[in-house]
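Participant: Chain by chain, the residues:
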Amino acid sequence: MTLLNIKNLSVEFETAGGAFRAVDGVDIAVDENDILAIVGESGSGKSVSMLAMMGLLPWTATITADEMSFDGIDLRDLSAKQRRKVIGRDMSMIFQEPMSSLNPCFTVGFQIKETLRIHMDMDRAQRQKRAVELLELVGIPDPERRLKAFPHQMSGGMSQRVMIAMALACKPRLLIADEPTTALDVTIQAQILDLLTDLQKETGMALILITHDMGVVAETAQRVQVQYAGQKVEEQPVRDLFAHPHHPYTAALLDALPERATERHLPTIPGVVPGQYDRPQGCLFSPRCKFADDKCRAVSPPVQPRDLGLARCHYPVNAKEDAV
Amino acid sequence: MLRYLLSRLLTFVPTFIGVCIISFAFIRVLPGDPIIVMAGERGVSEERYQELYEQFGFDRPIVVQFWDYFTGVLQGDLGTSYVTKRPVWDEFFSLFPATLELSICAILLAILLGIPAGVIAAVNRGKFFDRALMSSALVGYSMPIFWWALLLIIVFSGNLGWTPVSGRIDLLYFFDAKTGFMLIDSLLSGQDGAFQSAVRHLILPAIVLATIPLAVIARQTRSAMLEVLGEDYIRTARAKGLAPMRVNGVHALRNAMIPVITVVGLSVGMLLAGAILTETIFSWPGIGKWMVDSIYRRDYPVVQGGLLLVALLVMVVNLLVDLAYGLINPKIRKR
Numbered sequence: 001m002t003l004l005n006i007k008n009l010s011v012e013f014e015t016a017g018g019a020f021r022a023v024d025g026v027d028i029a030v031d032e033n034d035i036l037a038i039v040g041e042s043g044s045g046k047s048v049s050m051l052a053m054m055g056l057l058p059w060t061a062t063i064t065a066d067e068m069s070f071d072g073i074d075l076r077d078l079s080a081k082q083r084r085k086v087i088g089r090d091m092s093m094i095f096q097e098p099m100s101s102l103n104p105c106f107t108v109g110f111q112i113k114e115t116l117r118i119h120m121d122m123d124r125a126q127r128q129k130r131a132v133e134l135l136e137l138v139g140i141p142d143p144e145r146r147l148k149a150f151p152h153q154m155s156g157g158m159s160q161r162v163m164i165a166m167a168l169a170c171k172p173r174l175l176i177a178d179e180p181t182t183a184l185d186v187t188i189q190a191q192i193l194d195l196l197t198d199l200q201k202e203t204g205m206a207l208i209l210i211t212h213d214m215g216v217v218a219e220t221a222q223r224v225q226v227q228y229a230g231q232k233v234e235e236q237p238v239r240d241l242f243a244h245p246h247h248p249y250t251a252a253l254l255d256a257l258p259e260r261a262t263e264r265h266l267p268t269i270p271g272v273v274p275g276q277y278d279r280p281q282g283c284l285f286s287p288r289c290k291f292a293d294d295k296c297r298a299v300s301p302p303v304q305p306r307d308l309g310l311a312r313c314h315y316p317v318n319a320k321e322d323a324v
Numbered sequence: 001m002l003r004y005l006l007s008r009l010l011t012f013v014p015t016f017i018g019v020c021i022i023s024f025a026f027i028r029v030l031p032g033d034p035i036i037v038m039a040g041e042r043g044v045s046e047e048r049y050q051e052l053y054e055q056f057g058f059d060r061p062i063v064v065q066f067w068d069y070f071t072g073v074l075q076g077d078l079g080t081s082y083v084t085k086r087p088v089w090d091e092f093f094s095l096f097p098a099t100l101e102l103s104i105c106a107i108l109l110a111i112l113l114g115i116p117a118g119v120i121a122a123v124n125r126g127k128f129f130d131r132a133l134m135s136s137a138l139v140g141y142s143m144p145i146f147w148w149a150l151l152l153i154i155v156f157s158g159n160l161g162w163t164p165v166s167g168r169i170d171l172l173y174f175f176d177a178k179t180g181f182m183l184i185d186s187l188l189s190g191q192d193g194a195f196q197s198a199v200r201h202l203i204l205p206a207i208v209l210a211t212i213p214l215a216v217i218a219r220q221t222r223s224a225m226l227e228v229l230g231e232d233y234i235r236t237a238r239a240k241g242l243a244p245m246r247v248n249g250v251h252a253l254r255n256a257m258i259p260v261i262t263v264v265g266l267s268v269g270m271l272l273a274g275a276i277l278t279e280t281i282f283s284w285p286g287i288g289k290w291m292v293d294s295i296y297r298r299d300y301p302v303v304q305g306g307l308l309l310v311a312l313l314v315m316v317v318n319l320l321v322d323l324a325y326g327l328i329n330p331k332i333r334k335r
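Residue numbers (full-length UniProt numbering), protein chains in the order written: chain A, 1 to 324; chain B, 1 to 335.
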């Protein structure tokens, strides 16, 4: 059963220079027990689409979608109050900067127990017990003492573990991890990713992993969705995506992985993601695409069928091998 | 913690010596002669002037005079007023409760109104309430205090007759000053209407004195809140499903309080140092009025002693504020 189903989600920000479309017609679907990775460069609208779903965007954002349902609830109809009953409990989120994501003025214990207090019918002793349990679950030694610690007394990895414990406090059905390892050391990154995948297996929750690191994707995800400039450009199971990327952007991203480089110089994608003022006509990736021709620059590309990874491209790559 | 406290107290020593020197020098640099001022319009004969001159010790070198004063201060003797012949120490403590009472009421008013106003303004940034509040804060901050006081007196005492113009309580009431705080004493006295009268006397001076701290606290709270509201941990708090009331009032405010505490501390120091204008306008018998009167009379011991005590008070308040940081900001708290 589809746990989260989002169709044609768009997010526009009101800015001084006019409206800016950060997310442009994105579909996201996640089943229980599923790990979906959303990949893309900075500015591709990965985080914004998730924050839009959680209702965490500022009031300058206008959110539209044909469908946005979670566990059978239509998120579009919820009042702010009703939505607050869902987020933090059934659907929770961890963020990129663990060190600044915890409130420096309150102890770790207070912050974990606060979630329990508002969502769960537990007394003080039960909350304490559950908080200790949670810290144990995320692999923090000496949990009773750690509950009394303040965030500044902990390392980044430890803080991210606390964030995970907090997110898991009410046994969510869906966990959104927004670049959970970007700010951490490489060794700690692997530990946190292992922790996340283990917890996902244990609890059977769905996990959405937002990242710009293809290495992270390969290690953890089951399905990958590639976003570019606010659009979904490709979606495939992780193995197929690495074997046969269909969108030139995906292919270029994969080529830029040091592990896959064949030449002395690491291939790069020239240019940057278009911003508010330099959005091209036609295909958004065309200015940076080495296969682009006049048609790409003039006409918005169609979405290809599923066997071509739903690629949003006029000339999907690796098409032949797939057809054979 | 103890070590921190001791090291802070140690920094008091040079400050203390500096304040002694400045307070001693300050009044002597001013033109005017205490003997002539004391003699008044009748004047004083040459011989009598010389006699008094020697009696007050003005004939000795200035350094010796200072040394006398300084050693006296170290022994807890601030000298005796030329005018009232009472020890400066006694005068200070008989008047200080009046200043303290007024200051406490003013700062409470400023905190209780300023912080919520700043929070509401920050949360409704750019909307009507925010603009209205920030403009009135600017007006409150820039308005000359004596003019504001006179305006309030004209409206509330003159036109409406709601409040008295000056003093701490109606002359009808008389009772012992057990604590020196009129609000408490009037309650203790049990006399009918005494407390109400004390409140009515206090209300205008307190409002006037609170105006500037109120404006400063509201502005500081607003800007601190705006900064904090953009922090990652606020997003975390909202992602937990907390109500906006709790996100703003607990998670954000606690962090925003750190800079606000500084401002509150500075304001308290300023208020205790004698709300000179306010006390003078409302004839409030406190430290500020006492100091002003003493400067007019060139009452050297009172001015230098009073300055010294006020400076010490400000230093102690600042120390307390620094200690309060630790309570609010765990990063400063000692391990």
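Don't take each hint at face value.
Calculated pairs, SDA-like style, for lysine to any residue (alpha carbon to alpha carbon, straight line, at most 25 angstroms) [as the list claims (entries may be wrong)]:
| # | chain 1 | residue 1 | chain 2 | residue 2 |
| --- | --- | --- | --- | --- |
| 1 | B | LYS178 | B | LEU151 |
| 2 | B | LYS127 | A | LYS148 |
| 3 | A | LYS148 | B | LEU2 |
| 4 | B | LYS331 | A | THR107 |
| 5 | A | LYS129 | A | MET154 |
| 6 | B | LYS331 | A | VAL132 |
| 7 | B | LYS127 | B | SER223 |
| 8 | A | LYS85 | B | LEU2 |
| 9 | A | LYS85 | B | GLU231 |
| 10 | A | LYS148 | B | PRO34 |
| 11 | B | LYS331 | A | MET154 |
In case anyone wonders, no lab produced these hints; they're calculated from the structure.
Participant: Look at each hint and say if it fits the structure.
Facilitator: Now for the hints, and whether the structure bears them out:
no.: 1; hint: LYS178(B) with LEU151(B); result: violated, 34 angstroms
no.: 2; hint: LYS127(B) with LYS148(A); result: violated, 40 angstroms
no.: 3; hint: LYS148(A) with LEU2(B); result: holds, 23 angstroms
no.: 4; hint: LYS331(B) with THR107(A); result: holds, 11 angstroms
no.: 5; hint: LYS129(A) with MET154(A); result: holds, 21 angstroms
no.: 6; hint: LYS331(B) with VAL132(A); result: holds, 24 angstroms
no.: 7; hint: LYS127(B) with SER223(B); result: holds, 15 angstroms
no.: 8; hint: LYS85(A) with LEU2(B); result: violated, 46 angstroms
no.: 9; hint: LYS85(A) with GLU231(B); result: holds, 23 angstroms
no.: 10; hint: LYS148(A) with PRO34(B); result: violated, 63 angstroms
no.: 11; hint: LYS331(B) with MET154(A); result: holds, 12 angstroms
Going through the hint list in order, the structure does not satisfy hints 1, 2, 8 and 10.
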